[in-house]
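Chemist: Take a look at the letters that make up each chain.
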Amino acid sequence: MKLLTYLVLLFTVSFAHAGVDVIVHPSNGAALDAGAIKKIFTGKSKSFPDGSKAIPLTQVATAAATGEFNDKVLSKSASQLKAHWSKLVFTGKGTPPKEAANDAEVLSLVASNPNIIGFVTSGSADGSVKVVQSF
Amino acid sequence: MKTKLALAIASCMLAAPSFAEVNLSGFASINGGKVLSGSGVPQFGIEDPIFLADYPIVSTYDEEFSLEPESLFGLQITADLADGLSATAQIVARGANDFDAKFEWAYISYELNESWTIQAGKKRLPLFYYSDFYDVGYAYVWMRAPADNYTWQIFNYNGINALYTGEVGDWSLSGNIYTGREDDESNKLLSEFFFGEPTREIWKDIVGGVLQASNDWLEIRGTYMTYTNQRYRSGEPVLWDGKDEREGDFYGLAVNADFGNLFILSELNRLDLGGKLDTRMLTVGYRIDSVTPFISYAEFEEDSAGGEEHNTTSVGIRWDFHPAAAFKVQYDNVNDESFDLAVAGDSEAITFGIDLVF
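Keeping their order, the protein sequence lines are chains Y and L.
Position 82, counted from 1, in the first sequence is what numbering that gives the first Met the number 0 calls 81; the numbers after and before it change by one each time, with no gaps.
Position 312, counted from 1, in the second sequence is what numbering that gives the first Met the number 0 calls 311; the numbers after and before it change by one each time, with no gaps.
Mixed in with the good hints there might be a few duds.
To be verified - To give an idea of the interface, some chain L residues facing chain Y are shown, with a C-beta separation under 10 Å as derived from the structure:
id, residue
1, 131
2, 173
3, 183
Said to hold, decoys possible - Pair ranges (Cβ atoms, derived):
id, chain 1, residue 1, chain 2, residue 2, range
4, L, 322, Y, 54, 21 to 29 Å
5, L, 23, Y, 32, 54 to 62 Å
6, Y, 112, L, 78, 21 to 29 Å
7, Y, 97, L, 302, 33 to 41 Å
8, L, 322, Y, 103, 20 to 28 Å
9, L, 204, Y, 63, 50 to 58 Å
10, Y, 54, L, 321, 27 to 35 Å
To be verified - Within a straight-line C-alpha distance of at most 20 Å, the following computed SDA-like cross-link-like pairs (lysine to any residue) qualify:
id, chain 1, residue 1, chain 2, residue 2
11, Y, 86, L, 115
12, Y, 86, L, 24
13, Y, 86, L, 357
These are calculated hints, taken from the structure and not from any lab test.
Cβ atoms here follow ideal geometry from the backbone N, Cα and C, with glycine treated the same way.
Use the sequences and the hints to build the structure in full.
Modeler: Right, dumping it as structure tokens:
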């Protein structure tokens with residue numbers, strides 16, 4: 000019984016920390032590993048490996064997916080990212096990604112533009128987009 | 000017909016401003032502090048201890064607690080005109096200048112392609128690693144970029160800058176090549192602090208380059224700049240070896256390593272003005288969730304007997320107590336080794352404050 004409680008707890012915890020899926024337009028054939036995704040989302044790279052323009056799209060800071068993505072893919076805290084972007088913004092070297100309100104908005108924007116790359120809570124991607132990596 | 004065309008043009012013109020997406024962002028630092036003890040510079044008539052926290056802006060603390068020397072408020076306006084064209088202005092009001100708001104940056108930017116961007120106008124001179132974002136306290140760990148290193152009197156220029164971004168394997172590359180000049184009619188550091196008389200400082204024929212390479216944990220930045228210096232004290236040209244101008248060459252190397260929680264920041268710089276002026280800095284910090292303690296050492300050394308020579312040992316803490324704001328507190332111990340070219344004497348000081356970005 001105790002074991003079952005633990006298992007339930009474990010399941011609940013891992014569910015609360017559901018991962019993120021990085022998504023692109025179905026026509027985007029770029030092979031993207033964690034390193035390439037990190038570069039695009041930190042302003043170090045402005046294009047996909049095939050040379051086409053990459054437009055990163057993040058979610059509002061309060062979205063669960065944002066915390067997961069920052070932690071698992073970028074390995075940076077929200078303040079570290081903010082410090083990173085303020086360094087670029089106030090020196091004219093870069094602009095932080097636009098923020099979507101939620102998974103649904105990311106899905107519709109990614110589905111409508113082959114240049115956009117975004118992330119959503121694991122499992123929320125539908126047929127209108129392509130999942131390139133799951134974390 | 001004519002009227003229709005005129006109307007069409009008029010409506011286009013009326014509608015034009017709505018095509019520009021204007022973004023407002025900014026940063027602020029409210030910092031305070033005081034000198035705990037120190038020597039002053041009695042040989043130059045400064046009897047009471049002072050702590051010179053920032054050379055070019057002349058931020059000095061004394062034994063009275065003050066919020067003025069390093070507090071500042073900056074506002075950035077960027078108008079995105081689409082197709083890669085944008086215009087940016089940054090207005091900064093500093094406590095050290097009685098919060099007199101001034102344009103520190105004003106430039107237009109044009110993105111040629113994914114790799115190159117051309118910028119023209121008034122920008123910060125990217126001499127040191129932190130020069131570009133010196134005013135944005137939120138972007139770094141200390142209260143300020145190490146004062147012994149960031150000593151040069153000119154920190155802006157008017158000119159053209161070509162910005163590059165690229166990749167080689169796992170390394171991200173960025174860099175820039177720039178050229179321009181700066182004519183500072185009344186240079187604050189030289190006029191108010193060093194010479195005590197109106198001093199005009201000119202850096203012309205500036206040509207410089209920066210190359211930065213970074214991977215997941217390591218960042219290396221190299222830079223070189225050359226310029227011609229002219230100076231007028233109370234209207235009279237200053238002569239160096241009988242000539243009214245001199246050449247300067249600046250070399251810099253910065254290496255930063257980030258191991259996740261532990262990070263190391265370092266800088267080595269040399270300004271060659273006929274004589275060599277070397278600056279070095281080493282900082283070690285450790286992130287414990289939202290709290291980051293650090294220790295830092297910075298020095299300035301002129302390559303001549305009795306030349307300018309000073310160093311600072313600092314310890315401090317940065318605490319990210321809010322998603323867009325950080326609290327910092329720092330203790331600095333300054334040793335001024337020179338007598339004839341003493342700057343601000345020995346001092347121990349405590350400073351603290353809040354940096355935020357929006």
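Chemist: Compare the structure with each hint and give your call.
Modeler: So, going through the hints one by one against the coordinates:
{"no.": "1", "hint": "131", "result": "holds (4 Å)"}
{"no.": "2", "hint": "173", "result": "holds (7 Å)"}
{"no.": "3", "hint": "183", "result": "violated (21 Å)"}
{"no.": "4", "hint": "L:322 with Y:54: 21 to 29 Å", "result": "holds (24 Å)"}
{"no.": "5", "hint": "L:23 with Y:32: 54 to 62 Å", "result": "violated (36 Å)"}
{"no.": "6", "hint": "Y:112 with L:78: 21 to 29 Å", "result": "holds (23 Å)"}
{"no.": "7", "hint": "Y:97 with L:302: 33 to 41 Å", "result": "violated (51 Å)"}
{"no.": "8", "hint": "L:322 with Y:103: 20 to 28 Å", "result": "holds (24 Å)"}
{"no.": "9", "hint": "L:204 with Y:63: 50 to 58 Å", "result": "holds (55 Å)"}
{"no.": "10", "hint": "Y:54 with L:321: 27 to 35 Å", "result": "holds (29 Å)"}
{"no.": "11", "hint": "Y:86 with L:115", "result": "holds (19 Å)"}
{"no.": "12", "hint": "Y:86 with L:24", "result": "holds (12 Å)"}
{"no.": "13", "hint": "Y:86 with L:357", "result": "holds (13 Å)"}
Violated hints, listed in ascending order, are 3, 5, 7; each of the other numbered hints is respected by the structure.
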